[in-house]
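**Student:** The residues making up each chain are set out below.
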Amino acid sequence: MKQIDPIWIEKARHGDEEAFTMLVDTYQTPIFNLCYRMLGESKSAEDAAQETFWRAWQKIKSYDPERSFSTWLLSIAAHYCIDQTRKQKVTLFELDEYPDFDLGDPRMPNPETAVIRNDEEETLHRMIDQLNPPDRAAVILKYWYGCSEEEISQMLSLSVSAVKSRLHRARRQLAEAVIKNQSMTVQGG
Amino acid sequence: MMNHYPYKIWILDEKDLDESQRVELAAHLEICPQCAQLSRSLNIALQSIREATVQAAPAGFTRRFVTSLETRRRDQERKQARTLAIVFASTALIIVLVALYAFLPELSLISLAAGVISAVVGLLTYIQQAFSFIMSAYRTLNPSTLIISGLIFAGWVLLASLTLGLSVWKLAFRKSEVNQ
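Read top to bottom, the protein sequences are chains W and B.
Counting in this note's numbering, the first sequence runs from 1 upward without gaps.
Counting in this note's numbering, the second sequence runs from 1 upward without gaps.
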């Protein structure tokens, strides 16, 4: 994850809005990605990411500079998304979220690759969506952000042993989902 | 029946196994299709998570955040003002109640309840008296007088309703026309 010059964080802590905007610009993607993986839908993810930065702006004076800023932000986002998921179980996945194809742009995947990627995304989302919100957050933080169990425990306000048991349960559920998916594919021909 | 302990735990905990444990697990996976499937499926799931692309924030995310700051700030101030008003109103109510209790020591819940009950009883008595008066008038007066009195009363009610309706209409609609 990108790291930012601590001077900007310090300025933002002293109420500098421009410095905070710089932080939003730097961390928008990791925060949005976490929200997207938690909620599975772009619109809710953007709302959640915006709310995360608003909460961070309100609480920035209480931020401990000894702590990693990105970890602090991810923690706010994870807690918010867990609450949101509990409030309204978002199960819908936007199937129309195919990227706009620009044939002139060589970096864009061709339509066939994009469709395959979208299918994979949908399968992945269904797999993650079956986990309960804190387990889902633990999995996302571990496998997308490479956080250690200690870091996850701090972010989610859980004990390390609770994180371990949540990850254990989540891995079992993920493996079972793959087995189920494979057996359905076999049955479907 | 095959014993899967501790292999399932080793698979699901992603523990750092020592050399002998690794050999033992590999040997178990060779002969146990259930644990082999679990291990394989977990690897597929974790691989698909690790390989998934990072979803970039939509274009204009920062600009939208900056724009929303002012609105959010205003909403927060409004919320704080509302909370403050509720706190002030509650405090004032508590002060009034305490003052009533302090300056009117004879005021108690029992006397308050007694007051309410006596008022209700008084009202019921009044309704009953009015009803008996109407019934006695109905019995004593001749039908033509009753009909004329009824018509006068109905006309008066109708006139009062029309006046009230007209006033309300003037206040509600004429005012909004002026505002527009």
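These aren't lab readings, by the way, just hints derived from the structure by calculation.
Be aware that one or more of the hints could be misleading.
Which bits of chain W does chain B cover? Going by a derived footprint, with three or more residues having C-beta under 8 Å, they are [what the hints assert, rightly or not]:
#1 5-14
#2 32-45
#3 48-54
#4 133-145
#5 148-158
#6 172-184
BS3-like, lysine-lysine: derived pairs with alpha carbons at most 30 Å apart [unchecked claim]:
#7 Lys-87(W) to Lys-43(W)
#8 Lys-170(B) to Lys-11(W)
#9 Lys-11(W) to Lys-59(W)
#10 Lys-15(B) to Lys-180(W)
#11 Lys-59(W) to Lys-87(W)
#12 Lys-59(W) to Lys-79(B)
#13 Lys-11(W) to Lys-61(W)
#14 Lys-11(W) to Lys-87(W)
#15 Lys-8(B) to Lys-164(W)
#16 Lys-180(W) to Lys-8(B)
#17 Lys-180(W) to Lys-164(W)
#18 Lys-8(B) to Lys-61(W)
#19 Lys-43(W) to Lys-59(W)
#20 Lys-79(B) to Lys-43(W)
#21 Lys-87(W) to Lys-61(W)
#22 Lys-61(W) to Lys-43(W)
#23 Lys-79(B) to Lys-164(W)
#24 Lys-87(W) to Lys-180(W)
#25 Lys-79(B) to Lys-87(W)
Note that the structure is predicted; figures quoted are calculated from it, not measured.
A virtual CB, placed ideally from N, CA and C, is assigned to each residue, including glycine.
**Student:** Each hint needs a verdict: does it hold in this structure or not?
**Tutor:** Going through the hints against the structure:
1. For the stretch 5-14 of chain W, the assignment as covered by chain B is violated, since 0 residues bring a beta-carbon within under 8 Å of that chain's beta-carbons and 3 are needed.
2. Coverage of the stretch 32-45 of chain W by chain B holds. Counting CB-CB distances below 8 Å, 6 residues qualify, and the rule asks for three or more.
3. Under the rule that three or more residues need a Cβ within less than 8 Å of chain B, the assignment of the stretch 48-54 of chain W holds, with 4 such residues.
4. With 3 residues having a Cβ less than 8 Å from any Cβ of chain B, the stretch 133-145 of chain W passes the three-residue criterion, so the hint holds.
5. Interface restraint, the stretch 148-158 of chain W with chain B: violated (0 residues with C-beta to C-beta distance below 8 Å; minimum three).
6. Only when three residues or more bring their CB closer than 8 Å to a CB of chain B does the claim for the stretch 172-184 of chain W stand; here the count is 8, and the claim holds.
7. Our distance criterion of 30 Å between C-alpha atoms is met by Lys-87(W) and Lys-43(W), whose separation comes to about 16 Å.
8. The suggested pairing of Lys-170(B) with Lys-11(W) is violated, with an alpha-carbon distance near 58 Å, which exceeds 30 Å.
9. Our distance criterion of 30 Å between C-alpha atoms is met by Lys-11(W) and Lys-59(W), whose separation comes to about 14 Å.
10. Restraint check for Lys-15(B) and Lys-180(W): satisfied, since their Cα atoms lie roughly 25 Å apart, inside the 30 Å limit.
11. Straight-line distance between C-alpha atoms of Lys-59(W) and Lys-87(W) comes to about 23 Å, which keeps the hinted pair within the 30 Å bound.
12. For a cut-off of 30 Å, the pair hint linking Lys-59(W) to Lys-79(B) stands: about 17 Å separates their Cα positions.
13. Between Lys-11(W) and Lys-61(W), the direct Cα distance comes to roughly 10 Å. Compliance with the 30 Å bound is thereby established for this hinted pair.
14. Under the criterion of a C-alpha separation no larger than 30 Å, the hint pairing Lys-11(W) with Lys-87(W) is inconsistent with the structure, at around 35 Å.
15. Restraint check for Lys-8(B) and Lys-164(W): satisfied, since their Cα atoms lie roughly 15 Å apart, inside the 30 Å limit.
16. Simply put, Lys-180(W) and Lys-8(B) have alpha-carbon atoms about 18 Å apart, close enough for the 30 Å limit, and the pair holds.
17. Proposed proximity of Lys-180(W) and Lys-164(W) is supported: the alpha carbons are some 24 Å apart, at most 30 Å.
18. For the suggested pair Lys-8(B) and Lys-61(W), the alpha carbons sit about 46 Å apart, so the restraint of at most 30 Å is broken.
19. Distance restraint check for Lys-43(W) and Lys-59(W): the Cα-Cα separation of roughly 24 Å lies within the 30 Å cut-off, and the hinted pair is therefore satisfied.
20. For the proposed pair Lys-79(B) and Lys-43(W), the alpha carbon gap of about 25 Å is at most 30 Å, so the pair holds.
21. In summary, the hint linking Lys-87(W) to Lys-61(W) is supported, as the alpha carbons are separated by about 29 Å, within the 30 Å threshold.
22. Restraint check for Lys-61(W) and Lys-43(W): satisfied, since their Cα atoms lie roughly 29 Å apart, inside the 30 Å limit.
23. Restraint check for Lys-79(B) and Lys-164(W): not satisfied, since their Cα atoms lie roughly 40 Å apart, outside the 30 Å limit.
24. About 28 Å separates the Cα atoms of Lys-87(W) and Lys-180(W), which keeps this hinted pair within 30 Å; it holds.
25. Distance restraint check for Lys-79(B) and Lys-87(W): the Cα-Cα separation of roughly 22 Å lies within the 30 Å cut-off, and the hinted pair is therefore satisfied.
The structure fails hints 1, 5, 8, 14, 18, 23 (numbered hints given earlier, in ascending order).
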